[in-house]
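Since chain B is already given, all that's left is putting chain W on it; use the hints.
What follows is the residue order along each chain.
There are 2 protein chains.
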Amino acid sequence: MTRFSFAIAETDGAARTGAIAMHRGEIRTPAFMPVGTAATVKAMKPEGVRATGADIILGNTYHLVLRPGAERVARLGGLHKFMNWGRPILTDSGGFQVMSLGELTKKTEEGVRFKSHLDGSSHMLSPERSIEIQRLLGADIVMAFDECTPFPATEAQADASMKRSMRWARRSRDAFDVGDNHAARAALFGIQQGSMFRDVRQRSTDALLDIGFDGHAIGGLAVGEGHEAMCGVLDYAVAMLPTDKPRYLMGVGKPDDIVEAVRRGIDMFDCVLPTRSGRTGQAFAADGPINLRNARFAEDQGPIDETCACPTCASYSRAYVHHLVRSGEILGAMLMTEHNLWFYQALMQGLRDAIAGQRFDVYAASFLERYRS
Amino acid sequence: MTRFSFAIAETDGAARTGAIAMHRGEIRTPAFMPVGTAATVKAMKPEGVRATGADIILGNTYHLVLRPGAERVARLGGLHKFMNWGRPILTDSGGFQVMSLGELTKKTEEGVRFKSHLDGSSHMLSPERSIEIQRLLGADIVMAFDECTPFPATEAQADASMKRSMRWARRSRDAFDVGDNHAARAALFGIQQGSMFRDVRQRSTDALLDIGFDGHAIGGLAVGEGHEAMCGVLDYAVAMLPTDKPRYLMGVGKPDDIVEAVRRGIDMFDCVLPTRSGRTGQAFAADGPINLRNARFAEDQGPIDETCACPTCASYSRAYVHHLVRSGEILGAMLMTEHNLWFYQALMQGLRDAIAGQRFDVYAASFLERYRS
Numbered sequence: 040m041t042r043f044s045f046a047i048a049e050t051d052g053a054a055r056t057g058a059i060a061m062h063r064g065e066i067r068t069p070a071f072m073p074v075g076t077a078a079t080v081k082a083m084k085p086e087g088v089r090a091t092g093a094d095i096i097l098g099n100t101y102h103l104v105l106r107p108g109a110e111r112v113a114r115l116g117g118l119h120k121f122m123n124w125g126r127p128i129l130t131d132s133g134g135f136q137v138m139s140l141g142e143l144t145k146k147t148e149e150g151v152r153f154k155s156h157l158d159g160s161s162h163m164l165s166p167e168r169s170i171e172i173q174r175l176l177g178a179d180i181v182m183a184f185d186e187c188t189p190f191p192a193t194e195a196q197a198d199a200s201m202k203r204s205m206r207w208a209r210r211s212r213d214a215f216d217v218g219d220n221h222a223a224r225a226a227l228f229g230i231q232q233g234s235m236f237r238d239v240r241q242r243s244t245d246a247l248l249d250i251g252f253d254g255h256a257i258g259g260l261a262v263g264e265g266h267e268a269m270c271g272v273l274d275y276a277v278a279m280l281p282t283d284k285p286r287y288l289m290g291v292g293k294p295d296d297i298v299e300a301v302r303r304g305i306d307m308f309d310c311v312l313p314t315r316s317g318r319t320g321q322a323f324a325a326d327g328p329i330n331l332r333n334a335r336f337a338e339d340q341g342p343i344d345e346t347c348a349c350p351t352c353a354s355y356s357r358a359y360v361h362h363l364v365r366s367g368e369i370l371g372a373m374l375m376t377e378h379n380l381w382f383y384q385a386l387m388q389g390l391r392d393a394i395a396g397q398r399f400d401v402y403a404a405s406f407l408e409r410y411r412s
Numbered sequence: 040m041t042r043f044s045f046a047i048a049e050t051d052g053a054a055r056t057g058a059i060a061m062h063r064g065e066i067r068t069p070a071f072m073p074v075g076t077a078a079t080v081k082a083m084k085p086e087g088v089r090a091t092g093a094d095i096i097l098g099n100t101y102h103l104v105l106r107p108g109a110e111r112v113a114r115l116g117g118l119h120k121f122m123n124w125g126r127p128i129l130t131d132s133g134g135f136q137v138m139s140l141g142e143l144t145k146k147t148e149e150g151v152r153f154k155s156h157l158d159g160s161s162h163m164l165s166p167e168r169s170i171e172i173q174r175l176l177g178a179d180i181v182m183a184f185d186e187c188t189p190f191p192a193t194e195a196q197a198d199a200s201m202k203r204s205m206r207w208a209r210r211s212r213d214a215f216d217v218g219d220n221h222a223a224r225a226a227l228f229g230i231q232q233g234s235m236f237r238d239v240r241q242r243s244t245d246a247l248l249d250i251g252f253d254g255h256a257i258g259g260l261a262v263g264e265g266h267e268a269m270c271g272v273l274d275y276a277v278a279m280l281p282t283d284k285p286r287y288l289m290g291v292g293k294p295d296d297i298v299e300a301v302r303r304g305i306d307m308f309d310c311v312l313p314t315r316s317g318r319t320g321q322a323f324a325a326d327g328p329i330n331l332r333n334a335r336f337a338e339d340q341g342p343i344d345e346t347c348a349c350p351t352c353a354s355y356s357r358a359y360v361h362h363l364v365r366s367g368e369i370l371g372a373m374l375m376t377e378h379n380l381w382f383y384q385a386l387m388q389g390l391r392d393a394i395a396g397q398r399f400d401v402y403a404a405s406f407l408e409r410y411r412s
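Chains B and W, in that order, are what the protein sequence lines are.
Position 67 of the first sequence, counted from 1, bears residue number 106 in the working numbering, the numbering being contiguous throughout.
Position 359 of the second sequence, counted from 1, bears residue number 398 in the working numbering, the numbering being contiguous throughout.
In case anyone wonders, no lab produced these hints; they're calculated from the structure.
Every clue listed holds true.
Identical copies go unnamed one by one, so any copy, or any two together, can satisfy a pair.
Calculated pairs, SDA-like style, for lysine to any residue (alpha carbon to alpha carbon, straight line, at most 25 Å):
{"no.": "1", "residue 1": "Lys120", "residue 2": "Gly87"}
{"no.": "2", "residue 1": "Lys120", "residue 2": "Gly320"}
{"no.": "3", "residue 1": "Lys120", "residue 2": "Ser366"}
{"no.": "4", "residue 1": "Lys120", "residue 2": "Glu368"}
{"no.": "5", "residue 1": "Lys293", "residue 2": "Pro350"}
Being a predicted model, the structure only gives us computed values, none of them experimental.
The shape of chain B in the complex, shown without the other chains:
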């Protein structure tokens, strides 16, 4: 049984394509992970998610621990069985969402105490509890519990936050390694922090390498710094990480963010954008995002995106989707979400093929020339 292995098949500049092998299946990289917050990729059946080309999805520890509860999911056979998704699942640590609750939380060295947004009940999330929850869920890729440094931060704030995250990373590693058969099947990723500060990110990387992880995430980006600043950090932060392990840029992003991050050597992404947009009428298309609520689509017989091979574009007009979105119909969210996930996965396939063919720059230039975000 393959616990975790990462093989790079081709590189083109800093960009790379390859695959992660795990016992529940292969993850082609660069990979986009649709977000399945509450044990469902919203408005999609799992077979529909798979048909878009997704090899792995992301589950949210925070949401799942509140409802239905990690122990309950475990009693029901784990998250894969519960939600009928047999391929790999990456779970976040819950830290990002807990800490975004603001006044409802109390942070200490031990962890974060927080109140449920559902019923006000009090919960504790720590490195040990986060890893336990991810084990109960049965995650294939487990994320270390950390603090996503708020933006903006001074260098001193970023350094203090990063150091706590690195202490929590060590505790996460120790908790993960406590012998049971989950660690034998799952992988653990550490998360580089450091906000906009190169030296802090270097020290974070050093700490992660000292602890040892199966893969590395870059945290603390896509938090409001903007596309240019994010690319500026990636220019140095990616290269700090080992080349032989997957690099995951958390919470990213827009299609142009993804192209630029892949150019700099990122292998994995997750973002709610395609699914959330699908429920608000925004569709991704080759020329950029369009809002199907717009009256100009009311009698538009063309597909959402003429370059798209998805089931929505094969059978439905912009006029019909416009009608569904305007009418608040569930089918509108279904068709739009499916289209958006196809768009993202088609982009990932395009990037993988371009890297494999040593024509990443041409592909990226062609995509970005047309796509207006």
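Below, chain W without anything else, positioned relative to chain B:
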């Protein structure tokens, strides 16, 4: 090209099974028509609707004329193309829904003037306009414009209401027959009214037969009279209608209503119950309806209905559907609606098979013995 033909293959008592042939496909009878109110069977893709066994769906004239508008649907190629459903569609006349708007309507011999519940705009629905709308939508089975007599009604009220409906039925027939190629492809059904009064229903039937229709509906039931009273009317009202044309019981109903109506010779049904229930957590099962919101299902690993062959029951537990419904997830509505439509279509297939095998009474007794509504 077959415009419309109805062939009864077998009878068992008053119950019959057979098929309606139309150019867009065959409708096996007794048939249940899922309701596609606003050009969508809510929370379902058309291929999913078809997979449940539905041969025909119903569209609502009232909703479609307000949004997106009948003329717009016509410009976009008709309702079938618009919503990607290539099989037969029956449209109602809009009368029932318009008249349930109450104070927002003004009824005259000409028709009904009403205000849109969406934007307050004023509209007129008459026999001529209703038929025109149904033609613009491209309906395969067109319903005469009538008044669903409010319940309860005195015999005098029922008679006056029925007589107006019969005048409107004549005008509907005349409007339908105005030469164009729609009448050559579509069928027109008349609607028997008369509330709870046998003599009034007989006179209504006489008037319909005098005008001449492709099929006959029974209107004015499932309006609050209850199961027993409805069966009491069907005991005489069905037999008034010609045996060689389809009989359609409008807006019915619960599974036990359907069994009793088929027993009395009804061939077609429509009802929002399976789809609407699917969005509120109520599932149909062999023992009767259950509400998946109920806490007792939180860790129930069984399927919604152990006797069901639907995709939901094949892959998802009650515990998972409970979680989705409690969380307000779209996938909950999707899985529940699919299950409920499968349940209804499985019932129709069971009824058809039982009639074909001359064992209707045994099948009905077995179903009703177990099913507690």
